[in-house]
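Engineer: Start from the sequences, fold in the hints, and give me the full structure.
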Amino acid sequence: MSEPKKKLTRREMIRRGALGAGLVGVSTAAGLLAARRSEGGTVWQLDPDKCIQCGQCATYCVLDPSAVKCVHAFVLCGYCDLCFGYFQPGFEPDAAFERPSAESQLCPTEAIHRTWVEGPYFEYTIDESLCIGCGKCVKGCNTFGNGSLFLQARHDRCLNCNECSIAAACPAKAWRRVPADRPYLLKDEDTKA
Amino acid sequence: MLTILVVLAAGLAGVAQAAERIALPQFQSDYVRPVTETPPPRADFYDYLDVAALVAALAAASYLAIRFRSRRGLWVLSVLSVLYFGFWRGGCVCSIGAIQNVAQGLFESGYAVPAAIVIFFLVPLVATLFFGRTFCAAVCPLGAIQDLVVVQPLRVPTWLEHALGLMAYVYLGAAVLFAATGSAYIICEYDPFVSIFRLVPAFRLADTMNALGGSTDMLLLGAGFLVVGLFLARPYCRWFCPYGAILRVLARASQWRVAITPDECIRCRLCEHSCPFGAIRKPTLDEPRRLRRMDRRRLAVLVVVTPALVAGLGWLGSWLSAPMSRMHTTVRQEERVRLEEMGLVEGTNDTSDAFYATHRPREELYAEAAAIRDRFVWGGWLLGGWVGLVIGVKLIHLSIRRTQTDFVPDEGTCVACGRCLAYCPIERQRWKKAKAGTAAP
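Sequence order for the protein chains is A and B.
The first sequence: position 180 = 180 (our numbering), numbered continuously.
The second sequence: position 288 = 288 (our numbering), numbered continuously.
Derived by calculation from the structure, the hints in this document are not laboratory data.
You can take every hint at face value.
Here are some, though not all, of the chain A residues that point toward chain B, as calculated from beta-carbon distances under 8 angstroms: (1) Ala29; (2) Thr42; (3) Leu63.
All residues carry an ideal CB built from backbone N, CA and C; glycine is no exception.
Structural biologist: This is the structure in structure tokens:
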């Protein structure tokens, strides 16, 4: 009878030792992580300076349509009559039309609205409920214009997955985690919220 | 017309800085430029709410499993966890995925792990050291959703159960390697249930047509796991979950854990097949001397062989480090750029275009990739060694004779679901007494 009892004690001692070791291990990990943890949370964002407009933001997001949308920095915009982000290349615009035909537009979902402001100037606004984040307009504006159109993850939509599917697929390594209290990488400092 | 010419000239000149290629207009009318809207992300407050919910759910699960001993209570808590941590929260960040954030945080100096993620990683570990795997029982939404669909669990042969269980440790090792090198979060990429959980927050967005965009294959994976889970209970928890692998080890040292009955086991065998996860250990038989001598010899051989296994698989791992390093974006980019430089491929692709757009010298990229490959050689040794160690320790553990007289839940594999309690006649007697006790006075 004394034999099994002795064995139990040994097992119990090993268990207690392991428990102690486990607690020490967990507290060490906690200490190491606390040493350089960031205060708040992080969110995913796309750096417009690194973006090459490959179009994968439209397809790789777990949402359909993507949480990435075209954003317009109005202070950088030239308000061009012939907008390279709006018209198909080679299309001859007619200034009298505020809303030209679909085939003359670069945007596959007609998500950019063109409104006459004054003289030769037109305002371009993005309808986010239509925008799919393909970046076609961004490419046009970046190539020939001021680059006032650019892509951003919109945080009223983004589910902030632990690993962003777009970030994993991005060929330009343009995605990174940013502090949640500064969740956008806007092109113009003045427009930062 | 003049504007167009200027624009074209600027475009052809290839000005690197895109800003103000076109003069900004000075408006004569009272037009005011709209401000770019920046809708904020989910408020920090919700992170604290999630942490509070985690702690509360862990406390409730531990109390329900160990003190209150109520399967029904755990079932209700499972439903609540699936609803809150799963569907309401959309699944991220979970404790399982947090392994990767923590690994990256420990190895990569540039990445600071947010406090909420650290808490989600550590709190269930501490709880397991005290109460066993009550986190798995009814808090983890992945575990809970699988537990709710167990209908007709089939018995898996013990040898197969032990063998399949090793996959979780391999998965854990691989996940840590790829996260620590900043390559990928494979646990998230192959998370079978997050795509199902995400449907609800996705549908909250008014104009979202569906939430299956990039994840139809993931949704099929999740549905597959649930269908398999009807017959093979909790397949992800038992054979794949890397966090479960950590908890399996920690639970062996836990201070308290679920017992089939707090009273004495009468070895009636009624609970023997009650566990859908095959986690109940039977009393050991007295083996003849000859067999015990064989066992001892086998144990000696295994103790000698394990270091060789660690070294051998470590070598194999280092040999596989080149293909593994391709999980890293920089390595893939470097390989493409190198191929283009050597003229082995025609033209450029998005990856190489992105590199050329940075105007950095090629050598810089090559050096960067070489450093990552070196890290993967080390990582390959460690991962291989880890797999060898896991196999060796498993075999040694199976070869050690443990005398046991009662039917008990296995310390490691028991997920504290509480199903076995109802099968125990002693436990039922205790319930009856408790009921009479509360009714009498």
